[in-house]
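*Asks:* Assemble chain F with the ligands onto chain P, guided by the hints.
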Amino acid sequence: MTGRFHPPYPGWNVLDKWDSPSFNDVTRAVLRKRLEEVPKRRFFTRKEWPTLQALCDTVLPQNHNADPVPLANWIDAALHEERGSGTRHADMPAPPRAWRQGLAALDAEARARGAADFASLMPDARGALLHDVDAGRLRTDWQRLPARRFFRNLVLAEIVAIYYSHPTGQSEIGFGGPASPRGYVRLQPNRADAWEAPPGQWEETP
Amino acid sequence: MNGWADPAPRAVDGRAPDVFSTAGTVPMRQFSDRDAVDFAIVGTGCGGGVLAAKLAEAGFSVVAFDAGPFWRPLADFASDEREQDKLYWLDPRISAGDDPVEFGQNNSGRAVGGSTVHFQMVALRFRPEWFASRSRLGYGVDWPVDWRTMWRYYDEVERACAISGPVNYPWGPKRHYPYRAHEVNAAGQVLARGAEALGVPWAPTPLATVSAPRGKSPPCVYRGMCKIGCSTNAKQSVLITFIPRALDAGAEIRDLAMVGRIETEDGRATGVEYHRDGQWRFQRARNVVCAGYSIETPRLLLNSASGAHPHGLANSSGNVGRYLMVHLNDAVWGVMEDEIRWYKVPPSMACCEHWNYIDDKDFDGGYSFMSQGPLPTDFARMLVTNEGVFGDELHRQMALYNRMAGLKMVGETMPQADNRVTLADEHDDLGLPRAHVTYSCCDNDRRMRRHARDFMARMLAAAGGSELLETGSTAHLMGGCRMGNDPETSVTDSDGRTWDIPNLWVCDGSLMPTAGGVNPSMTIMANAARIADRITALAGRGEAERAHG
Ligand SMILES: Cc1cc2nc3c(=O)[nH]c(=O)nc-3n(C[C@H](O)[C@H](O)[C@H](O)COP(=O)(O)OP(=O)(O)OC[C@H]3O[C@@H](n4cnc5c(N)ncnc54)[C@H](O)[C@@H]3O)c2cc1C
Ligand code: SF4
Numbered sequence: 000m001t002g003r004f005h006p007p008y009p010g011w012n013v014l015d016k017w018d019s020p021s022f023n024d025v026t027r028a029v030l031r032k033r034l035e036e037v038p039k040r041r042f043f044t045r046k047e048w049p050t051l052q053a054l055c056d057t058v059l060p061q062n063h064n065a066d067p068v069p070l071a072n073w074i075d076a077a078l079h080e081e082r083g084s085g086t087r088h089a090d091m092p093a094p095p096r097a098w099r100q101g102l103a104a105l106d107a108e109a110r111a112r113g114a115a116d117f118a119s120l121m122p123d124a125r126g127a128l129l130h131d132v133d134a135g136r137l138r139t140d141w142q143r144l145p146a147r148r149f150f151r152n153l154v155l156a157e158i159v160a161i162y163y164s165h166p167t168g169q170s171e172i173g174f175g176g177p178a179s180p181r182g183y184v185r186l187q188p189n190r191a192d193a194w195e196a197p198p199g200q201w202e203e204t205p
Numbered sequence: 000m001n002g003w004a005d006p007a008p009r010a011v012d013g014r015a016p017d018v019f020s021t022a023g024t025v026p027m028r029q030f031s032d033r034d035a036v037d038f039a040i041v042g043t044g045c046g047g048g049v050l051a052a053k054l055a056e057a058g059f060s061v062v063a064f065d066a067g068p069f070w071r072p073l074a075d076f077a078s079d080e081r082e083q084d085k086l087y088w089l090d091p092r093i094s095a096g097d098d099p100v101e102f103g104q105n106n107s108g109r110a111v112g113g114s115t116v117h118f119q120m121v122a123l124r125f126r127p128e129w130f131a132s133r134s135r136l137g138y139g140v141d142w143p144v145d146w147r148t149m150w151r152y153y154d155e156v157e158r159a160c161a162i163s164g165p166v167n168y169p170w171g172p173k174r175h176y177p178y179r180a181h182e183v184n185a186a187g188q189v190l191a192r193g194a195e196a197l198g199v200p201w202a203p204t205p206l207a208t209v210s211a212p213r214g215k216s217p218p219c220v221y222r223g224m225c226k227i228g229c230s231t232n233a234k235q236s237v238l239i240t241f242i243p244r245a246l247d248a249g250a251e252i253r254d255l256a257m258v259g260r261i262e263t264e265d266g267r268a269t270g271v272e273y274h275r276d277g278q279w280r281f282q283r284a285r286n287v288v289c290a291g292y293s294i295e296t297p298r299l300l301l302n303s304a305s306g307a308h309p310h311g312l313a314n315s316s317g318n319v320g321r322y323l324m325v326h327l328n329d330a331v332w333g334v335m336e337d338e339i340r341w342y343k344v345p346p347s348m349a350c351c352e353h354w355n356y357i358d359d360k361d362f363d364g365g366y367s368f369m370s371q372g373p374l375p376t377d378f379a380r381m382l383v384t385n386e387g388v389f390g391d392e393l394h395r396q397m398a399l400y401n402r403m404a405g406l407k408m409v410g411e412t413m414p415q416a417d418n419r420v421t422l423a424d425e426h427d428d429l430g431l432p433r434a435h436v437t438y439s440c441c442d443n444d445r446r447m448r449r450h451a452r453d454f455m456a457r458m459l460a461a462a463g464g465s466e467l468l469e470t471g472s473t474a475h476l477m478g479g480c481r482m483g484n485d486p487e488t489s490v491t492d493s494d495g496r497t498w499d500i501p502n503l504w505v506c507d508g509s510l511m512p513t514a515g516g517v518n519p520s521m522t523i524m525a526n527a528a529r530i531a532d533r534i535t536a537l538a539g540r541g542e543a544e545r546a547h548g
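Quick mapping for you: the protein sequence lines, in order, are chains P and F.
Residue numbering for the first sequence follows numbering that gives the first Met the number 0, starting at 0 and increasing by one per position.
Residue numbering for the second sequence follows numbering that gives the first Met the number 0, starting at 0 and increasing by one per position.
One chain only, chain P, in its complex shape:
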């Protein structure tokens, strides 16, 4: 793991193209809603909320974001709206129950490690706990909820789906963002159109 995260495209913001031909009306409408109407908590309880937020912070730390993406709110909204993914693994409960059960299990795992709950663990300890969950090193009974599948296919998959479809996540990785009606012209390696991010800067070549 590296230390603090340095986005390779500092200053690049796909929203700067808002008034350009890269954006059309339907995209503007969708993004305006996403940016301006952050849904209130409707699905999770007041007690579950801090656990969910701590989980989001651990999965996608946003210390470098002046205006963090409200991941927990969008997870809550998707569950409230019963937004499906098309798949339910036969060994998994339906998403609403899986999420409730999973958050409770994370709190129980934190207690088994001597903390009051997941949210009160230090960030590093939360990360370590999630690695344990992913590796199946469980200290409590998850009551037939498959821990790794819950973590990867529900938690991680949903959080990245929200973050990287948000202009903040897209800008951070140098994605071109919305591109209709105008697409791209320069398709060769190391070439970019004027409406794409300038060349990226990586700390060290990995």
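If you are wondering where the hints come from, they were derived from the structure by calculation, not from laboratory data.
Every residue gets a Cβ at the ideal spot worked out from N, C-alpha and C, and that includes glycine.
It is possible that part of the hints are untrue.
From chain F, some residues computed to sit far from chain P (all C-beta separations above 10 Å) [to be verified]:
hint : residue
1    : F19
2    : E56
3    : H274
4    : G277
5    : P309
6    : Y356
7    : A398
8    : L399
9    : A416
10   : N443
11   : R445
12   : T470
Partial chain P-side listing against chain F, Cβ under 10 Å, derived [as the list claims (entries may be wrong)]:
hint : residue
13   : T57
14   : V159
15   : Y163
16   : F174
17   : S179
*Replies:* Then chain F with the ligands, alone, in the frame of chain P:
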């Protein structure tokens, strides 16, 4: 319930959406529920869309139903991955087995035009020998159709979809693509470089998006969002090719109309029960065609069980839902020195079918692979579900997005009887039993996967990729109601007519007896075009139910 507020039905009052406009309509013929139409077709994708157009053009009365909306791409498709989830079949299917399939996003659509509304346009043909893989290559089963017949229909549908492809395609019998190949982007050049280093051929991928203007379609603008719906209409989906043809020829399309049951009487289908605008209705029909793809077609047939057909329609042999296949879709990813920016242009600009045409391997069947260009959430989701990465490490890996390249296989799995669709105990919002799908790989599938991962990794390394990462997944569906020559081991004959019920047909990907090592849409469309001609010929001889003919 899938969390989407669908628009209201748009193909109503004698008008259907003009897909080339932002708000316009075109005239549409309409039929009454009480009048028996010649053909009620369930599903409007590669199978149903092509069939609806060709049967209407042959003079039959046709109503085609789709559970999904009738989109106008120019007005409805945003450049936004999350919004465009609305194109997929998101109602849950229960997924079981040793290698459970992921549905939704990477698997099936729900819209007029079917899965082609969001497909990635790779337009390949089967290798001729695959139509007789049992007798020629010693695995799988033979198709009840000769490859030369299929070859003619590939020509037909490739013209209908104005495929852009290379002048000289390196594999298989000669073919002529109607539009010139697209420029190969940086991600495709990685594949090309790797192929040249390893001494295997490669080609610009034949694609169903136009490289020059065609009718009301502008040339592709390389925005790269094909998988979330093409907002320019460059993509030659069924929605903008065969559906307008069907409407022109007098077919009716019923959008947001979910067929829940096929009724039968005295051994014949009498029509379909469907849900539209909040109510159940019944459309009478002389023939019913299932074209809902490999999960929904078996689900519908199974759910239409009755006293005379206790195990579901067309299922006296017990084959409905069986021999379901997927494509292995494993990939190898690497970090390049160059900035690749793979989000530009359609995702798979270069392909390699080398291992489809070499038979000296440690597994049966074949695989192709293509260069990649996943959109951000798609790529991130693959990273996290395969590797479990999160935190700073996730940020670090995603920060390399613009320097990634990847090779992803389309690998032929073997037909196995126990990979199948059944009905689950639980029901959807309309009260219909959900599909329960069991899928497990066999040893041959696993050997192929290993071979492909090793070969793609060597190629990517040869092209300069580092930090190689392998991921596993599956894509596409084939089989589930296979056609054949033997009523004991198949659901339909070579015309797609079910063995049990003479006026009940299947016409979609579920007919495929084997999967082949290429993306399936062109094969499904070619087969549908062929079946349409067969039905027309049969009706001419009085061997198919027909109102006026
Ligand atoms: C993300 C993705 C990318 C792909 N990329 C490629 C590619 O590059 N190249 C390629 O060759 N193939 C590709 N495919 C596969 C290809 O799209 C499918 O194989 C093909 O569309 C299947 O055709 P079909 O007619 O069997 O079903 P579909 O095209 O899926 O059509 C079935 C239709 O039936 C409707 N339906 C189902 N049940 C009912 C019911 N009960 N009542 C009413 N309507 C119903 C559905 O809403 C759907 O619209 C891709 C698929 C996906 C998901
Ligand atoms: S790259 Fe071409 S086909 Fe794909 S969405 Fe853009 S215009 Fe459509």
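*Asks:* Taking the hints in turn, state whether each one holds.
*Replies:* Status of the hints after comparison with the structure:
1. Listed as outside the interface, F19(F) is consistent with that label: its C-beta sits roughly 14 Å from the nearest C-beta of chain P, beyond the 10 Å cut-off.
2. With 10 Å as the threshold on Cβ separation, the claim that E56(F) sits away from chain P holds: the shortest Cβ distance comes to roughly 33 Å.
3. In this structure H274(F) is separated from chain P by more than 10 Å, as the shortest Cβ-Cβ distance comes to about 18 Å.
4. Every beta carbon of chain P lies more than 10 Å from that of G277(F), the smallest distance being close to 18 Å; the non-interface claim holds.
5. The non-interface label for P309(F) is consistent with chain P: the shortest C-beta to C-beta separation is roughly 25 Å, beyond 10 Å.
6. For Y356(F), the requirement that its beta carbon stay farther than 10 Å from each beta carbon of chain P is met, with the minimum near 29 Å.
7. The beta carbon of A398(F) sits about 5 Å from the closest Cβ of chain P, which is not more than 10 Å, so the claim that it is off the interface is violated.
8. With a least CB separation of 7 Å from chain P, L399(F) falls inside the 10 Å interface cut-off, contrary to its annotation.
9. At roughly 19 Å, the least C-beta separation between A416(F) and chain P is larger than 10 Å, which holds for a residue marked as non-interface.
10. Every Cβ of chain P is farther than 10 Å from the Cβ of N443(F); the closest lies at roughly 24 Å, confirming the non-interface assignment.
11. With a minimum CB-CB distance of about 20 Å to chain P, R445(F) clears the 10 Å threshold, and the non-interface call stands.
12. At roughly 12 Å, the least C-beta separation between T470(F) and chain P is larger than 10 Å, which holds for a residue marked as non-interface.
13. Below 10 Å, beta-carbon pairs count as interface contacts, and T57(P) has one with chain F at about 6 Å; its hint therefore holds.
14. A least Cβ separation of about 4 Å between V159(P) and chain F falls short of the 10 Å threshold, and the interface hint therefore holds.
15. Hint status for Y163(P) relative to chain F: holds, with the closest Cβ pair at about 4 Å, below 10 Å.
16. Hint status for F174(P) relative to chain F: holds, with the closest Cβ pair at about 5 Å, below 10 Å.
17. This hint holds: S179(P) has a C-beta 4 Å from the nearest C-beta of chain F, less than the 10 Å allowed.
Checked against the numbered hints above, the structure breaks hints 7 and 8 and satisfies the rest.
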